[in-house]
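Engineer: Listed below are the residues making up each chain.
Number of protein chains: 2
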Amino acid sequence: MNDLTVGDYLISRLQALGVRHVFGVPGDYVLSFYALLQSREMRIVNTCDEQGAGFAADAYARMRGLGVVCVTYCVGGLKVANTTAEAFAEKSPVVIISGSPGMKERDKNPLLHHKVRDFDTQLKIFEQITAASTVLADAQTAQKEIDRVLDAALRFKRPVYIEIPRDMVAAPCILHHRTADHRTGSDPDALQEALTEAVAMMNAARKPVILADVEVHRFGLQEMLLRLAERANIPIASTILGKSVVGEEHSLYLGVYEGAMGREEVRRYVEESDCVLLMGVFMTDVNLGIYTARLELGRAIYATSEKLTIRFHTYENVTLQDFLAGLVEAPLLRHEPGEFPHPEPAVEFTAQGTRNVTVRRLFQCLNAFLTRDMVVIADVGDALFGAADLLIRRHTEFLGPAYYTSMGFAVPAGIGAQLANPELRPLVLVGDGAFQMTGMELSTAVRYGLSPIVVVLNNRGYGTERQMQEGPYNDILNWNYHRLPEILGAGRGFLVETEEQLDQALISAERHTESFCILDVQMDPMDRSPALERLTERLSKRL
Amino acid sequence: MNDLTVGDYLISRLQALGVRHVFGVPGDYVLSFYALLQSREMRIVNTCDEQGAGFAADAYARMRGLGVVCVTYCVGGLKVANTTAEAFAEKSPVVIISGSPGMKERDKNPLLHHKVRDFDTQLKIFEQITAASTVLADAQTAQKEIDRVLDAALRFKRPVYIEIPRDMVAAPCILHHRTADHRTGSDPDALQEALTEAVAMMNAARKPVILADVEVHRFGLQEMLLRLAERANIPIASTILGKSVVGEEHSLYLGVYEGAMGREEVRRYVEESDCVLLMGVFMTDVNLGIYTARLELGRAIYATSEKLTIRFHTYENVTLQDFLAGLVEAPLLRHEPGEFPHPEPAVEFTAQGTRNVTVRRLFQCLNAFLTRDMVVIADVGDALFGAADLLIRRHTEFLGPAYYTSMGFAVPAGIGAQLANPELRPLVLVGDGAFQMTGMELSTAVRYGLSPIVVVLNNRGYGTERQMQEGPYNDILNWNYHRLPEILGAGRGFLVETEEQLDQALISAERHTESFCILDVQMDPMDRSPALERLTERLSKRL
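Here the protein sequences line up with chains A and B, keeping their order.
Just so we're aligned, residue 48 is where the first sequence starts under the numbering used here, counting upward by one.
Just so we're aligned, residue 48 is where the second sequence starts under the numbering used here, counting upward by one.
Think of the hints as simulated: they come from the structure by calculation, not from any bench.
None of these values were measured; they are calculated from a predicted model.
Keep in mind that a hint or two might mislead.
Calculated pairs, BS3-like style, for lysine-lysine (alpha carbon to alpha carbon, straight line, at most 30 Å) [to be verified]:
1. Lys155/B <-> Lys171/B
2. Lys354/B <-> Lys171/A
3. Lys155/B <-> Lys354/A
4. Lys191/B <-> Lys171/A
5. Lys354/B <-> Lys155/A
6. Lys151/B <-> Lys151/A
7. Lys171/A <-> Lys254/A
8. Lys354/A <-> Lys254/B
So here's chain A without its partners, still in its complex pose (with noise of 0.2 Å):
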């Protein structure tokens, strides 16, 4: 072990968790670590920009449990910036690592080129957006400080921050190093009292139901609650936010609950419940249908990996995962929830000829046209709106930024998810407002390979903002978004107006598994999902 260097114990402990892909744009103060990266069988993954290799990168992390970008310097480190936030708000485990000056350079604090203020602007300000960071400036401790800040990584599923000096990559480690495990259980007591009143709250309820959310998928406990859910034989409701975290043909599943913005049989089943188990819910506004979600939390057990509350009292130190795991092996009753809400199922498509299509009836088209072998990616706006009722086949199957909502998620986050999981063939829905910022990236994908199917829901604006207040800043240049794989050589394009159009478009490219393709759906400017309709009137009110 005596030749151990600071870049190969970091490059050992990321693919011990895991990690076989890296994501970033190299730069000459990261460059050893790409070499070494490469001489590692790392797989790098050189997106067209930084932006980019963020989105993959989280979208890799929500799938596989961590995700890895790598970049140079201020220039790539701050381009990330705002995917590090959407991963930071949405709880998911990238490791952002950014190659540096070297330490020997600094002396007398020169203007080398990317520095922008002082030497640690960077870590400053990734300090605001992450778990926890660190500059790996010292050979003695970089060990140590790896592990503590990749273990924040999966204790919190935030984002975390790594600098790797550029003279510190090839820098020997010290010998008999021990990787520590730092993860901490529950407070046994705590854990008693709070599964005592619990399981007594649920067993004296006479309509329990659970809503689950984006943490479940985060702490893989997606197997676990469905024990629950059979167990007590309780209906589950997701968020959207959530969505896929069972499999959404399940006989408990309700369907997605939004407050108002969701589909009213859900809403009321979910808060005429006398005691809602809350597993892991962010309270956003989206989540909650801008705040007309109505849950009493007077009737909740609401449990993240932060705290559990329990009606109106909390308890410290008690895990989401022993919690859920103690539930499932309590005295639970069964339950008899009688008739409850089941989502549309996906009825066959029948195309009608000429009709244009509507955002309805693309997404009663494309809820036939899933498979279980597909990961749905939903980018902002209506792709994600209407997107909620699509019917997800197994868990974690659908990916969308529904609390921080960046736009310019999707097409890169199906990157990073067809690696994550090269079985399953990503399904990306976009409009055209957020593909014009990320969607050339389809570059990326004719480079590596893959194949994510690319639905483009193209109004020639920002939907949901006219939705909200008219002007002509809302209306964007069209694209000939069908003729791109004559840019880049590979893929598959159609252009869509028609119903017929549509479905002759995707059962091409279903077969065409060898790249991309590219559904440029032409829609009307002011057509929109029910959802989109009913949250953009709560919205407006508030500009």
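Given the coordinates of chain A, work out where chain B should sit on it, guided by the hints.
Structural biologist: Below, chain B without anything else, positioned relative to chain A:
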């Protein structure tokens, strides 16, 4: 004045400072401010992605003295963290205006969409990369805050941050506010002593020389500097970051000085001088040819906006403007510099038929093509290094991020530059790697009727890095750049492999003034300019 609102005041101050365009992407937290901009005849330039808006506003600021980017909260703001850092590093006064959740929405710290950690997370980030920042949380203080922050932008020529909560846009201002002018002059005694010393040193010198940099541009001192040079008959060199600080056909102009990276005769002349007048120079690694420059401070008068240093002592409170103005009026002797170097004249380019285009020949051809009615914008890499030898006819007709060196600057900067001065046609020089980051902002050029000529130096990868360390991560996918007009529905594209084709394409581009033109100039992957050859030799020693 009774119905003047906070939003009105901000817009009227910007207009008074010469701003006519605002670059950005709308979003719900900034939508009401967008509507106000629209109604106040401020032209909104909606780019594809916020990154493009950031670079465009930076270029606009460099040309016009102030630029504005206006975005929504976090998902918009954090996308311009990098472009703001560039503006900070290279002293460009860009105002970042960000909408944000209304003050009344913030009670109980709810999870509103786009929020990362706390409501002030974005503010804290921008504090790191701006000269001043404010949240307009109170109508009583908003005008003073706006004045303070805009004043800092003008004084320090750095970016500033103004956050406007959406419920403050229409909040009424207080009456009787008077816009204060905080500009501070020099300490007259210090100024007098410094001038006396500098004049004595210059008059005693046998072979004085002026080296001028970016601050001369930023403070609009180009004409004054020229008067100084002409009065004392002293030759002028510029740095690469400061290039075009004087019209380069001027008889006193030496060329670009950049240590061992630059032309040998310029290096020798500057370094052999017995009195170097450094005017607004940034001592950056790139400006100094990666520290191959040998400028003896014992013979230097070093004036910047922050301090004035003569030999090894420093004067505080002497502004660059006052010092330069004082020198122009001072009893300076007229020197007889004798023979000194001049830039290579632009000679007619005779295309050698089917010969492939090399980097060297490309720049010779562009040199012949350039006119007084063009502004050259160079992206990072050989686009920038090769451009050092282009002969720029008038001052401030060259823009390049030659210190911060963030890739992706040039195409959006071309948009900002042409809007800042519609009489100049942008000639945008960009590598294929940088083009893939932001090149689709050509869409914005189409939308606003702009006509840049974009030359893609297509060597199928990151050429600068190939020179430092070869690896597959330096190769990128080839795009058919010349076919982008088919995607965007406007513009003209040219595939250029030979000198003949280059010549013909430039002739056509010059004539086609209705829209953008793009030249896909195919180059050998290992070809490079002589400057890049010298630079990468230096850089690769530090990996």
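Engineer: I'd like to know which numbered hints this structure contradicts. Please list them from smallest to largest.
Structural biologist: 6, 7, 8
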